[in-house]
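Engineer: Go by the hints and put chain B onto chain A.
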Amino acid sequence: MAGFLARRLINYVALIVVATSLAYMLAASALDPRSNYEARRPPPPPAVVDARLDELNLNNKTPVFQRYLRWSWSVLHGDFGKTTVGDPVNADLARRAGVTLRLILVGLIVGSVAGVLGGALAAVWQYGWFDRLTTAASFLVLAVPTVVLANMLIIGAVWFNDLVGAQIFLVSGETTPGLEGGFLRGAADRAQHLLLPTLSLSLGLIAVYSRYQRNMMLDVLGADFVRTARAKGLRRSTALTKHALRTALIPAVTYFAFTFGALIVGTTFTEKIFGWHGLGEQLINSIFTNDVNTVAAISCLAAFGVLVAALASDLMQAALDPRVRVG
Amino acid sequence: MSDPTHPGAPVLEVADLSVTFGSGPSAVRAVRGLNYEVRPGEVLGIVGESGSGKSVASMAVMGLLPPHARVSGSVKLLGTELLGASDKRLAAFRGRTISMVFQDPLSALTPVYRVGDQIAEALTVHQDLTRAEARKRAVELLDLVGIPHPAERATAFPHEFSGGMRQRAVIAMAIANDPDVIICDEPTTALDVTIQAQVLDVLRKAQRETGAAIVMITHDLGVVAGFVDRVLVMYAGRPVEIGSVDEVYYHPLMPYTMGLLGSVPRLDQGERGRLTPIDGNPPSPAALPPGCPFEPRCRLAVPECRLAEPPLRPVRHSRHLAACIRAGEIERGVVTTVPKLPEIPEEGEERPPRESRRVVLGVEDLVKHYPLTRGAVFKRRVGTVEAVAGVSFDLREGETLGLVGESGCGKTTTLMEILKLARPQGGRVVVLGRDISGLVAADRMSVRRDMQVVFQDPMSSLDPRMTVYDILAEPLRAHRVREPGPRVRDLLRLVGLEPEHAARYPQDFSGGQRQRIGIARALALEPRLVVLDEPVSALDVSIQAGVINLLEELKARLGLSYLFVAHDLSVVRHIADRVAVMYLGRIAEVGQVDRVYDTPMHPYTQALLSAVPLPDPVVERARRRILLEGDLPSPADPPSGCRFRTRCPLYKAIGETERLRCVHEEPRVRPMGGDHGAACHYAESLDVV
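Quick note, the sequences are listed as chains A and B, same order. In this text, residue positions in the first sequence follow the working numbering: the first is 1, and each later residue adds one. In this text, residue positions in the second sequence follow the working numbering: the first is 1, and each later residue adds one.
For the record, the hints were derived by calculation from the structure and aren't laboratory data. All values derive from a computational prediction rather than experimental measurement. Glycine included, every Cβ here is placed at the ideal spot set by N, Cα and C. Take the hints with a grain of salt, since some may be wrong.
Pairs of lysine to any residue, SDA-like flavour, derived with a Cα cap of 25 angstroms [to be verified]:
(1) B:88 x A:241
(2) A:242 x B:455
(3) A:242 x B:92
(4) A:242 x B:129
Some chain A residues flagged as far from chain B (calculated, every beta-carbon gap over 10 angstroms) [stated by the list, open to error]:
(5) 74
(6) 164
(7) 233
(8) 235
(9) 243
(10) 309
(11) 312
(12) 322
Chain A extracted, bound-state conformation (with noise of 0.2 angstroms):
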């Protein structure tokens, strides 16, 4: 097992390796943060500009490659280089990572659990109605964009708390700034902050997983092993959950797992629309800035996150599913 995570581990830093160095490449040969600089009125001189930008690594008349060196040597030595204004890259994604993770981590549980048990309960009863409404809710769902159900849900909440005339559902932002009061009050306060996004970020997962759990379900709902154990006596539900839910879990767990990967930077309309300021929103931005540096960075997160993902896939598949353990 040991040797197995080895391998796997030496495979996901070369992996991380090539897909960064890619992204700094291509972020360096097509963005142009000289432009930041001509687009100022009046422009600074190009000797001050060329200063500041070989200063920051971000010259374009060095060659990309020298410039790569550069940025990977500095990288090795855990530094991600600065932003185009000159603020440090690691700090401020630092923060933002853990602005996606509080955001994402609830998310993924919500909607993880959520989505097995009405996928589970869909397969159970096919053809029912709860298994025809969970199916059109959830065709819904992955029909309408991530903007426009964001935004309904704002409007919904709005419209609710004008109902109730208090503010349950806040919005924007993570925290209320200024708030006074103890922890409780602050921890109610990011509560009321999380309710929405996860909601939002969640429904598209429970659509996507509800609809995979349920084909697995279904699989082994009529499974010999389901017959075996009922024919020894278990009930029907005990017979379904400690059996048949048991396996069917294994490829969905794996699954799960990956998409957490995915999400690291894809839930910027999520972040945006929100007030959240994570890891998506500034990919976005640092495109719109030609900021090299911290489109690089953020690529490296992502594609550790990935394999983080994809790692923990693999051991949640090993620890779930015996076959798979021995070799």
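Structural biologist: Frame of chain A, contents of chain B only:
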């Protein structure tokens, strides 16, 4: 109806059981009025072909049918009505009073739990035991059903068990709570014969330990003969005959039963008589004919048979019942079903002796090894699977060579290596006088024309999107035959189908008819050698007999040679002239069929033959079985010397010094008289059939 051999009140009474799927005109009445009862210690066999409703009926008794099945009638277990009871109430009976052993042991256990825990679960559901007590009892049960090192094996997962071991574990689960009734649904169908013999032995032991009544559901008339007390024959969802096993086998009263018994090839009958297939196909449960459902296939049908479905009623005495209006006449011997069989054109007399006929297929020391790799990212070779490890045989003109062995013995790999027509990894293959390792593409094409193949599964070996005409014309077109039309019509007539069927698709045909199409395709190019890979194993016995007869007729008429790969030893005895028995990638014994079957020399052949059940109750009860221990060793790690020594009964009987030879020296096939040979240092003959 009291039973002298099994006194006591019935433990399970099934009355007028019916199961219907769907509704309206498309409703399928899978079971239509099933009645039976079993008493403590009694074994009832339920026999029928696929679609007869036997498995559905047993699931209905267990209350395990899906909710959309409509069940009516009565199922009484120890006097308590089970039909209509809540899941909670039924769950209290299932596994405790009535338990079940299923057909496919490979999928019957939950893959993610340890075997011991799954057995313990059966205990803790019904009994107030601690985890430790349940585990301990599970180990005892595994020991009882003959799993070696039970304490260790209890912690294994199902995929670490072989098929036979999994079925033992399922049996352990079934007997865990000392049930009163055990329903066995085709418990050995998915297993090899030697493993089948082991499992039947375990079932007998389980019955002795629990004193339970057993309902044994199977299509195998041999398994029933030696195992059960009474037999119930089902056809089209109804019982058509029920009686003691001896009466039903020796004095059947229903033409269907007579047909079934006549269509089984027998291991103990060497004469090359024709089998008597039952004409036609079983009716679809959705569209039953009026009157007796067997009437369209019955040789004794009279016009009255079409009027009403005959009831099951006592004929000879109160305990032998049959559903046939002519049962009385049959009983008095007024009519019999002995059919008029078309004669096989004789070939024996004028055929020159074997030595002077030419070799159509010669195989010498054929080797096929597969690399065994590990690792998902970096594949590395960790061993070699010796699927075929030096196999030699020859097949002469006009001859059928049966290649038999259990799963994993390498018979299919051997066949595929021959069909590949490419240089083998080791050894030589000579087809019709040409060494296949030297063939160029054009030669290969011409050899293919002379060597054709029939595959096992007629459902998947025909392209569902091609009409029968296209399927049969394709080989002709590939070999540039112009105007395939007349040839296609001839071929269809040759295999007993109507030329008008050419425009239909494979899905419009039954399994037996499809296999006939597969045979017609193989014969399209007038080959001289036909390789048949388990051609009848997917067919029901009544259909199988017709296909076997067809193959024999075609061989005689067209002068074909067959390489017939099969696991069913009875079929091979019936159809083959010579037989080669394979074990773990090697030939164990080879020779004339009658010589090998009547005086097998190799201990493996002896065990294999003794394990095949005969459809003859008296003979079967008196037979001595040679039970092999354990499972087939892994072909990745075969035993040194003689590959069979780890399971060999002879090896156990001989002395230490003799054993050394078995351990160190690999036996070659040595002549045992004539062209009979066995690969055993200490071979001697034994009468096992």
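Engineer: Hey, is residue 322 of chain A genuinely clear of chain B, shortest beta carbon separation above 10 angstroms?
Structural biologist: 4 angstroms, violated
Engineer: Keeping to a limit of 25 angstroms between CA atoms, is the pair of residue 242 of chain A and residue 129 of chain B held or broken?
Structural biologist: Holds, because 19 angstroms separates the two Cα atoms, which is no more than 25 angstroms.
Engineer: Would you check whether the claim that residue 164 of chain A is not at the interface survives, using Cβ distances to chain B and the 10 angstroms cut-off?
Structural biologist: About 43 angstroms separates residue 164 of chain A from the closest Cβ of chain B, which puts it past 10 angstroms; holds.
Engineer: Between the alpha carbons of residue 242 of chain A and residue 92 of chain B, is the straight-line distance 25 angstroms or under?
Structural biologist: 18 angstroms, holds
Engineer: Over 10 angstroms to the closest beta carbon of chain B is the bar; see if residue 243 of chain A clears it.
Structural biologist: 5 angstroms, violated
Engineer: In terms of Cβ atoms, is chain B entirely out of 10 angstroms range of residue 312 of chain A?
Structural biologist: 16 angstroms, holds
Engineer: Is the Cβ of residue 235 of chain A farther than 10 angstroms from every Cβ of chain B?
Structural biologist: Given that some Cβ of chain B is not farther than 10 angstroms from that of residue 235 of chain A, nearest at about 5 angstroms, it is violated.
Engineer: Are all beta-carbon distances from residue 233 of chain A to chain B longer than 10 angstroms?
Structural biologist: 3 angstroms, violated
Engineer: Please confirm whether residue 74 of chain A is truly not at the interface, meaning its C-beta sits more than 10 angstroms away from all C-beta atoms of chain B.
Structural biologist: 31 angstroms, holds
Engineer: What's the verdict on residue 88 of chain B and residue 241 of chain A, does the C-alpha distance respect the 25 angstroms limit or exceed it?
Structural biologist: 16 angstroms, holds
Engineer: Can the restraint linking residue 242 of chain A and residue 455 of chain B be considered satisfied, given a maximum Cα separation of 25 angstroms?
Structural biologist: 40 angstroms, violated
Engineer: Taking C-beta pairs only, is residue 309 of chain A more than 10 angstroms away from all of chain B?
Structural biologist: It holds; residue 309 of chain A is separated from chain B by about 17 angstroms at its closest Cβ, greater than 10 angstroms.
Violated hints, in rising order: 2, 7, 8, 9, 12; the structure is consistent with all others.
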